[in-house]
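Chemist: The residues making up each chain are set out below.
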Amino acid sequence: MKDRTAVVGVGATPYYRRGRSVPQTAMELAGKATIAALEDAGLTVDDLDGFALYSMGFDTSLFAQWLGVPDVKFTAQLTGGGGGAAGSVGLASAAIVAGMADCVVSVMTLQQAASRFGASFAPRGTPGATYSAPPSPEGNFIQPSGLMGPGQMFAVLAQRQMHLYGTTREHFAEVAISTRENARRRETALMRDELTLDRYFDARMISDPLCLYDFCLECDGAVAVVTTSIERARDLRHPPAVVMASAHGGAGRWGQAITWMGMPDEYFASSGHRDVAKRLWEMAGVGPDAVDVALLYDHFTPMVIMQLEDYGFCGIGEGGAFVADGNIRWPNGSLPVNTHGGNLSEAYIIGMTHVKEAVEQIRGTAVNQVEGATVALATGGPASIPTSSLLLRSDR
Amino acid sequence: MSAPRGVLPPDVVWLAPNVFTEPFWLATAEHRLTLPRCTSCGTYRFPPSAFCFHCRAQAVEWVEHDGTGTLYSFTIIRHAVIPDVADALPLIAGVVELPGTGGVRLVASIVDTDLDAVAIGKPAELVWYDVREGTTIPCFRLV
Ligand SMILES: [Zn+2]
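Residue numbers (the working numbering), protein chains in the order written: chain A, 1 to 396; chain B, 1 to 143.
If you're looking for bench data, these hints aren't it; they were derived computationally from the structure. Virtual Cβ for every residue (Gly too), placed ideally from N, Cα, C. Treat the hints loosely; a few may be bogus.
Taking lysine to aspartate or glutamate and the EDC-like style, the derived pairs with C-alpha atoms no more than 20 angstroms apart in a straight line are [what the hints assert, rightly or not]:
#1 Lys-122(B) to Asp-208(A)
#2 Lys-122(B) to Asp-265(A)
#3 Lys-278(A) to Glu-266(A)
#4 Lys-278(A) to Asp-289(A)
#5 Lys-2(A) to Asp-289(A)
#6 Lys-2(A) to Glu-282(A)
Covered stretches of chain B (chain A as the covering partner; in silico rule of three or more C-beta atoms under 8 angstroms from a C-beta of chain A) [to be verified]:
#7 34-42
#8 50-61
#9 90-100
#10 103-111
If you want a taste of the chain A side facing chain B, the calculated C-beta under 10 angstroms gives, among others [claimed, not checked]:
#11 Leu-43
#12 Val-45
#13 Ser-136
#14 Arg-160
#15 Met-205
#16 Met-261
#17 Asp-265
Using the sequences and the hints given, assemble the complete structure.
Modeler: As structure tokens, then:
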């Protein structure tokens with residue numbers, strides 16, 4: 001698969017605070033983002049022949065019917081949740097390399113009007129809510145403890161990380177603040193006011209050790225990216241963002257991760273990405289040193305630090321010190337991270353904004369452009385398996 | 001019915017056992033902590049499931065455990081993600097590792113424990129929370 005496909009188009013709706021995209025529907029948002037991504041590439045719906053989705057994938061039959069896609073040749077979805085974000089582009093690439101399709105869209109659309117991800121494991125929610133989880137055999141071993149939202153669960157991993165490695169709240173704050181600084185320069189970002197260290201420490205604690213600013217936003221919106229063969233990509237509007245490598249999956253005993261807490265001790269306090277990272281570097285034929293900018297799925301600040309460790313940008317347990325040294329700051333850090341403002345401060349569209357930003361960095365058109373960036377890493381959420389990642393490079 | 005200090009209100013605690021998990025809850029209703037162990041290789045599996053992740057055998061025996069363990073990690077829940085839990089906050093949600101089980105961990109409320117006394121590595125002992133007739137869930141007190 002290496003170097004044989006490229007991302008050629010990106011598109012997005014405006015980003016909305018949770019529930020504010022109404023009266024548009026989620027699939028309407030998906031359509032707007034898809035059409036925008038095709039237009040960005042210099043293509044139309046007549047060129048589209050595949051769907052490669054992840055997490056809550058929608059009904060592509062209705063979607064294709066709505067848009068009038070002439071010939072649907074591939075429609076598939078990675079299982080799991082936000083872990084599959086970056087990997088959905090790998091799924092598209094696999095289809096293209098296999099000859100099953102030629103022009104594949106990966107799209108995430110999210111509308112949290114009736115319910116919210118923040119309570120997605122609660123045993124009850126708003127009547128008709130999509131994301132609360134009614135009592136289940138496995139949930140029975142978690143919910144009665146009070147763990148009902150992803151942030152509370154990741155707080156348990158963060159607590160262990162602090163205990164093992166001496167990671168501190170100042171380190172979490174550096175992730176939140178550096179990401180906010182990037183968002184402040186972007187018109188599309190929902191959070192653009194200054195976040196100081198004092199403000200971080202004055203914020204209300206949600207679930208120790210995570211405070212308000214360690215949590216990502218809850219949003220509505222859609223983001224789409226279009227992938228095609230490298231040959232076709234070179235004839236299109238923008239310089240191709242070449243898919244060097246993509247991997248998804250993870251250790252079976254990482255499993256459901258935060259919703260079982262039984263992961264082996266050696267990687268309990270991790271992002272669950274270590275095996276995926278290893279395969280990504282193997283496929284790409286490069287290592288972390290080659291990466292100019294990293295778009296790391298940031299639902300919660302400690303998970304950015306754990307991904308820095310798991311992808312080998314620093315040693316295991318050294319992520320806190322790595323961020324404290326200014327490494328993830330744009331523009332002067334050794335590895336600018338989440339230059340778009342991330343899930344924390346730009347918008348939470350379950351990780352597809354990270355893929356979009358990776359493409360824009362490779363094109364050289366990002367708002368917070370890393371000068372001369374030629375290799376960009378995007379990751380899916382540290383979550384139940386599959387987790388995933390994507391390595392893009394310029395075609396130079 | 002007894003409720004230790006620091007548990008969820010009964011209204012949000014509902015069990016939905018299946019064939020694999022029901023023996024666990026039948027035992028807790030009698031204030032006994034039992035864990036499923038593979039009859040072929042002796043590996044504990046938790047939560048209860050259809051297969052041994054080590055040898056893939058299906059049969060288990062239910063082995064009693066005294067419920068003394070160690071706090072592996074925790075969080076202090078201070079914000080109500082659903083209104084029903086607001087009056088119960090703050091709550092300590094803990095992960096307790098049980099010795100002699102190959103690393104079985106229970107996720108449970110840490111009860112009758114002051115917030116500033118919570119720390120990873122502390123010994124924990126079992127406390128029962130009788131939610132309603134026929135429903136009892138395990139909790140832990142730090143000692
Ligand atoms: Zn076995």
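Chemist: Could you tell me which of the numbered hints above are not met by this structure, giving the numbers in increasing order?
Modeler: Hints 7, 8, 11 and 12 not satisfied by this model.
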